[in-house]
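Take the given structure of chain A and dock chain B to it, following the hints.
The primary structure of each chain is shown beneath.
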Amino acid sequence: MSVVIFVLLRLAPGNMVDILFSTGGYVSESDKQAIMKELGIDRPVWVQYLDWLRDLMTGNLGKSYRYDLPAWEIIKPLLPVTIELAVLSTIIAILLGVPTGVISAIRQDTALDYALRVFSLAGLSMPSFWLGMVIILMVVAWIGWIPPMTYVSPAENFKVHLVQFLLPALAVGYRSSALITRITRSALLEVMREDYIRTAWAKGQSGRIVIWRHALKNAMLPVITVIGIEFAFLIGGLVVTETVFNLPGVARLLVQAVLWRDYPVVQNLVMLIAVVVILSNLFVDMLYGWLDPRVRYGD
Amino acid sequence: MATKPAGATAAEMELVAPAARLRRPGLRTVLWRFCRKKPLGAAGGVVMVVMVLTAVFANYLATHDPIATDAAHTLARSSAAHWLGSDHLGRDIYSRIVHGAWVSLIVGLGSTLLGSVLGGIIGLLSGYLGGKTDLVTQRIMDILQGLPLLVLALVMAAALGPSIQNVIIAISIPIIPRAARVIRSSVLTIREMQYVEAARGLGVGHLRIAFRHILPNTVGTFIVLTTAQLGSAILVEAALSFLGLGVPEPYPSWGRMLSVSAAEYAQKAPHLVLFPGFAISLAVFGSNLLGDALRDTLDPRLRGA
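Going down the list, the sequences are from chains A and B. By the working numbering, the letter at position 231 of the first sequence is numbered 234, and the numbering carries on one by one without gaps. By the working numbering, the letter at position 215 of the second sequence is numbered 947, and the numbering carries on one by one without gaps.
Treat each hint with caution, since some may be false.
Negatives, chain A to chain B, calculated, CB over 10 Å [unchecked claim]:
1) W75
2) K79
3) E87
4) Q111
5) I200
6) W204
7) G207
Rough simulated footprint, nothing fancy, chain B against chain A, three-plus residues with beta-carbon under 8 Å [unchecked claim]:
8) 123 to 133
9) 241 to 253
10) 272 to 283
FRET-style restraints, in silico, Cβ to Cβ [to be verified]:
11) A/L192 x B/R940: 41 to 47 Å
12) A/L192 x B/K1000: 45 to 51 Å
13) A/I86 x B/R760: 51 to 57 Å
14) A/L82 x B/G893: 26 to 32 Å
15) B/L1030 x A/I86: 39 to 45 Å
16) B/E981 x A/M289: 46 to 52 Å
17) B/F789 x A/F161: 53 to 59 Å
18) A/I212 x B/S895: 58 to 64 Å
These aren't lab readings, by the way, just hints derived from the structure by calculation. For every residue, glycine included, the Cβ atom is placed at its ideal position computed from N, Cα and C.
Isolated chain A, as found in the complex (with noise of 0.2 Å):
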């Protein structure tokens, strides 16, 4: 029931969009009543909304402005290549950030720890985009090799296909990483802390299975929340990344789209975005209730 409740009112973005696009029309005085018109928003704001409403509902997402296509004939095919990246980003952020906070915490106020610390705080500090550039660069003065700037797909050359990827991807995982580094340190020392924990110590149990078995398990529970968060907001990230990477994706629609002020596609974007957003909370509250058995939702 509280899912529900949850998915209804974490849908209502539309609305917002909506507003966005108005305030749109100040962007060129001259080209403003042309948009206004061409998107229908002369007429009141409930109306507009209603309208959308009911477009969405029928499947009908608007028409790009640019385009003269249907916003979505425009969103779908780029969708693989966004997806791709940030699962790609996520694992490297899991297996970066993990570890590292693991080992930051059991090994607590060394200087292993500090050197962790500042190296997570480090990744978020650094622009992703110029992560990115960096890294093409570090390649291109170490290796001697250039990365394709077009996009190559799996199908034409698939080893260059996964090394295009893994570039933005690490320069993304990395920034995530920091955070899920940070989040499962703190969690860990708090679960340390805990009877049961002492009680398998006592029991003589070694080091390796008290961590790894018993703290870690649960101090999942706030890493998976990050993650979940994270990996819907690596759009985020993505925006700027597929830019410098010049990866045709999603992400560098919106910017393009936003540039064009295609409204019909950005409103979609954002909606699509959105829609992630949710998708990915819903998806991290049920593993809730599947990892922790204490976790219960209304009956």
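Frame of chain A; chain B shown alone:
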């Protein structure tokens, strides 16, 4: 009856937060303790102070006019004339970075403060009034928070058009719900305290309680919130400028220094990419360090938030 001092008004009778009555250690003691307990945070503080000084004294620190072009010395490497080299138009990178500190700081601080103050007021009223107001406000905040910071700022920046003020506004919008959420939760606890009840009993108005009695006690949370958001605000500004939707020419912005010119000339002149990126990273790193340390010191409840 006789307990009321002659001439005392209702306002003077109001109880103030107990903490305000206690004597506090001096500023120097507080700073010293902070440095000893949080060396990393202090380092971050030093970075931020250096950045502020750089921004304020940019005119004295810069060796060149940041927007003066020099066709004879384009893409120059580091040298005595151009400490960090020059870009494709012959503009001095060092001077541009020094002046860029001002833009980053103004936009970062401006948007963080604007967003936190607006969000703080919303959170304060929403938390204090409760009921339906709270419910509706929180749902609106949920909606705003459902979008990544950069995406919302991107759309807002495009809608508002390029100018320094508009970039500040665009970045402040996604900060509002985050600020409102944090301040509200802090208000919810404070609202139930006895001194608030006492103020009510004395017949103090709702608005006055909210702003005079509750608001001052959220200052710690507020400081933590703003320092925590400052880093991401600077990052978002850099990203927006990089995409061409941020601070317009002629202001030298770190993000824009990385965009057109840098991407094209990166192979030939890597310093175009490296130095502005270092500047952004260092500024954000400093504010993150400071923010973390302040959070641990001022508001341990927020740890991991």
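Exercise. For B/E981 and A/M289, compare the CB-CB distance with the range 46 to 52 Å and indicate the outcome.
Key: holds (49 Å)
Exercise. Look at the Cβ atoms of A/I86 and B/R760 and judge whether their distance stays inside 51 to 57 Å.
Key: holds (55 Å)
Quiz item: Holds or violated: is the Cβ of A/G207 farther than 10 Å from all Cβ atoms of chain B?
Solution: holds (32 Å)
Self-check item: Distance restraint evaluation - B/L1030, A/I86, Cβ atoms, bounds 39 to 45 Å
Solution: holds (41 Å)
Quiz item: Has the region 123 to 133 of chain A got at least three residues whose CB is nearer than 8 Å to a CB belonging to chain B?
Solution: holds (count 8)
Quiz prompt | Distance restraint hint 58 to 64 Å, applied to the beta-carbon atoms of A/I212 and B/S895 | solution = For B/S895 against A/I212, whose Cβ atoms are near 60 Å apart, the range 58 to 64 Å holds.
Quiz item: With d taken as the least Cβ-Cβ distance between A/I200 and chain B, does d exceed 10 Å?
Solution: holds (19 Å)
Quiz item: That 26 to 32 Å hint for A/L82 and B/G893 (C-beta), does it hold up?
Solution: Between A/L82 and B/G893, where Cβ atoms are some 30 Å apart, the hint holds.
Quiz item: Since A/K79 was said not to touch the interface, does its Cβ keep a gap of more than 10 Å from each Cβ of chain B?
Solution: Since the minimum Cβ distance to chain B is about 19 Å, A/K79 lies beyond 10 Å and the statement holds.
Exercise. May I ask you to check that A/W204 keeps its beta-carbon over 10 Å from the closest beta-carbon of chain B?
Key: holds (24 Å)
Exercise. Using the beta carbons of A/L192 and B/K1000, state whether their distance is inside 45 to 51 Å or not.
Key: Holds, at about 48 Å.
Practice problem: Taking the shortest Cβ-to-Cβ distance between A/E87 and chain B, state whether it exceeds 10 Å. | Solution: Since the minimum Cβ distance to chain B is about 19 Å, A/E87 lies beyond 10 Å and the statement holds.
The structure is consistent with each of the numbered hints, conforming to all of them.
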